[in-house]
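> This is what each chain is made of:
There are 2 protein chains.
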Amino acid sequence: MTELSPILAQADSNLTASLERLFDLVRIPSISTDPAYKPDCRKAAEWLVVALSELGFEASLRDTPGHPMVVAHHAAGRADAPHVLFYGHYDVQPVDPLELWESDPFDPKVKDLGNGRQVLTGRGTSDDKGQLMTFVEACRAYKETAGALPVRITILFEGEEESGSPSLKPFLEANADELKADYALVCDTSMWDGETPAIAATLRGLVGEELTVTAADRDLHSGLFGGAAANPIHILAEVLAGLRDETGRVTLDGFYDGVEETPESIKASWSTLGRDAHSFLGEVGLSEPSGEKGHSVLELTWARPTCEVNGIWGGYTGEGFKTVIAAKASAKVSFRLVGTQDPAKIRDSFRAYVRSRIPADCSVAFHEHGASPAIQLSYDSPVLTKAKSALSDEWPKPAVVVGMGGSIPIVGDFQTYLGMDSLLVGYGLIDDRIHSPNEKYDLVSFHKGIRSWIRILAAL
Amino acid sequence: MTELSPILAQADSNLTASLERLFDLVRIPSISTDPAYKPDCRKAAEWLVVALSELGFEASLRDTPGHPMVVAHHAAGRADAPHVLFYGHYDVQPVDPLELWESDPFDPKVKDLGNGRQVLTGRGTSDDKGQLMTFVEACRAYKETAGALPVRITILFEGEEESGSPSLKPFLEANADELKADYALVCDTSMWDGETPAIAATLRGLVGEELTVTAADRDLHSGLFGGAAANPIHILAEVLAGLRDETGRVTLDGFYDGVEETPESIKASWSTLGRDAHSFLGEVGLSEPSGEKGHSVLELTWARPTCEVNGIWGGYTGEGFKTVIAAKASAKVSFRLVGTQDPAKIRDSFRAYVRSRIPADCSVAFHEHGASPAIQLSYDSPVLTKAKSALSDEWPKPAVVVGMGGSIPIVGDFQTYLGMDSLLVGYGLIDDRIHSPNEKYDLVSFHKGIRSWIRILAAL
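So the protein sequences, as listed, match chains L and C. Residue numbering for the first sequence follows my numbering, beginning at 9 and increasing consecutively. Residue numbering for the second sequence follows my numbering, beginning at 9 and increasing consecutively.
Errors might be hidden in some of the hints.
As the list makes no split between identical chains, a pair holds if one copy fits it or if it spans any two.
Claimed, not checked - For lysine-lysine, the following DSSO-like pairs were computed, each having C-alpha atoms within a straight-line distance of at most 30 Å:
| id | residue 1 | residue 2 |
| --- | --- | --- |
| 1 | 117 | 330 |
| 2 | 275 | 119 |
| 3 | 336 | 405 |
| 4 | 330 | 301 |
| 5 | 330 | 177 |
| 6 | 46 | 151 |
| 7 | 301 | 336 |
| 8 | 353 | 330 |
| 9 | 330 | 188 |
Derived by calculation from the structure, the hints in this document are not laboratory data.
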């Protein structure tokens, strides 16, 4: 195995130059959603092609109907080394309101916060230029020191992540053979806190449904018909209430198929994170965990499936009162999925359940609002174990394996189009103000991020 | 007892003149809601004062902040006769859209429909000038023939019924001693059909409530918080679903206190009316009675209490989907009351039930939307029995005792302010197009209406 110390030392001594390269990239205002910046997006992609070519990557710019992709390949020093796909995005969010920025968003600086923290300011310093450059600079230190890379690497940099990634799926599909690797490394997430690195191993999936219950063929007077005519709001309320039992479990047939219990070791590591019901729910004015009994709030939000009603409407909703029995009532319902729960089966089970509760003279119509399976890297997969150990060696506290409540579509797309798991590691912090004025990235995030990738690459 | 035949014969021979008097009144465009017709409203009231005075009533016009009331008193021939208050209203609905009228709404005519039916056309011919004049003309025939009235009569004609009756309650309160009688006769309702007179003996009461359930102090992301944070739409759905059990009965504590079973004889008469679930619900696209099991649709809508959700809203209700857990969810709920159900107790029971279902870290706020008790004339009260018999003597088919789904506020006001039951008898038909263009009143309704009041007055 390659000796790590000289590579890490090389990264340390490169730091000033690494920063300069990141700042060069940040200075290109590659705002993907605004057509006025289309040439800048291309310029950022071209800058990356040059940078990767200089490192020995076979790099090219690939046109799409939108902004171009950057694809680059580099062989490993050993033929039997694994092959990884590294993903990042070079586009950034718009900067308005510009007057709230303390300095020019496209003139990055190192700023001393005075409490021992130095931060890099500017749009994209964190999301995602700073993050992706930790990987590029790790490759540089590796090559400069060891002369080769420890794994075979394909890089994919996207330029439309902040504007809905319209070109991504077709591009993955059209170039699947070229892009497929053993697994993906995605650098677009955060640390647990400034001292604790995090690997996101679970991303809950989602099934979205809208349903409309129709009873009479018109709105009715509740005096003339009340007590005899079906009330669609009542029917809907009964349907929704019946979706969860008194222990908070979802009642749909087969709903828990594919849901695995969280390993005790993972639960134990989560219990040390200081996010109990009191701190987690207290921030939003609540105190009692809802949903399934017997699980911590982190388990409930990271590792358990849910059913939530996201919207409901029907009848008279204005000021005052109207004694109406509505003809229709509607709701939007979503299920968060974990493990190997099958979105299609859950949608079918939901619809069958609802239909079974609708009186014979009423009807229900469904409208689909998307479906994605959960992403779950097996808690004991070698990749996860190695990355966790590598990160724990670099940072003051051991790495923690976390779940993500929100979705990262790229991870599902890699699974769908390339049949590939993703390892999500990132060095952002919760106060990076991504998407907001005064975005920053801690100098420590950048520096130790580079060192972390060196350790991970070596471990893989 | 006075011989009825000559009085009825007098009414028959008066008919042409009676019609002329009704048409004089209809010609006055007393549209109460339009300030432009304020002088006409006063003119109609004055016309009635003159007409009643000519009949020997001690009649006067009483100013209010709005349109004037007409109050008139007449002693009975016998000192031990009962005292009745007759109520009607001289104001009418607006006539727009005028172009849809086949003839001038304020130039009434007798029109031959060609199928043996003659109708009186014009605004107010039915609602309520035609109806109230049946009573006035009955009094006329009685006095002209018998020389006296069989009961002591107080008449109250209102001029603001079609514009919300703002002056009525204060007027009843201020003049309670003068207006109080043994019971009220109200002529503002319809026949069951052209051959079957109806007495409305039950009017369901109403309790209106609005509730808002609040969970977190802001809208939450359902990915980040779903499964751990309380969802107010779920809580609301469970609360609403729990209001009725699987047999359709309302579950609130004490809800059925004061609800009496409908007598078998009444149920039997209702079963002959040809309004089964199929015909009643079929008109609005339904077929199965909802609500309490074991009751006919007429019983459900006339004689049973209900709980209906009249509106519901919360979360995201626009196009597409938003993975939000709302901070709040709201509903409007109403209870129709029968018998002696106490609106205040039912409101309290509802609120206690809801509060018992709200998690400790959530809250609920209530907003009151009115309360009125049910009106129920005892099915075996002498007044009802006498009126039923009198009506059955006049019309081809026996009178039927019906319920009213909608409310007639005056009836509750008479109960509240004058402590008096009301007998609701009217001769309108379902096709009278009240409130619409081409309002009409059947000549038979007017003629036999006069004869019916003669019979009822004699019977009382």
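> Hint by hint, say whether it matches the structure.
Going through the hints against the structure:
no., hint, verdict
1, 117 / 330, "neither (61 Å within a copy, 37 Å between copies)"
2, 275 / 119, "neither (38 Å within a copy, 86 Å between copies)"
3, 336 / 405, "neither (55 Å within a copy, 40 Å between copies)"
4, 330 / 301, "between (39 Å within a copy, 26 Å between copies)"
5, 330 / 177, "between (49 Å within a copy, 22 Å between copies)"
6, 46 / 151, "neither (33 Å within a copy, 96 Å between copies)"
7, 301 / 336, "between (34 Å within a copy, 23 Å between copies)"
8, 353 / 330, "between (40 Å within a copy, 22 Å between copies)"
9, 330 / 188, "neither (60 Å within a copy, 32 Å between copies)"
In this structure, the earlier hints numbered 1, 2, 3, 6, 9 are contradicted, and the remaining ones agree with it.
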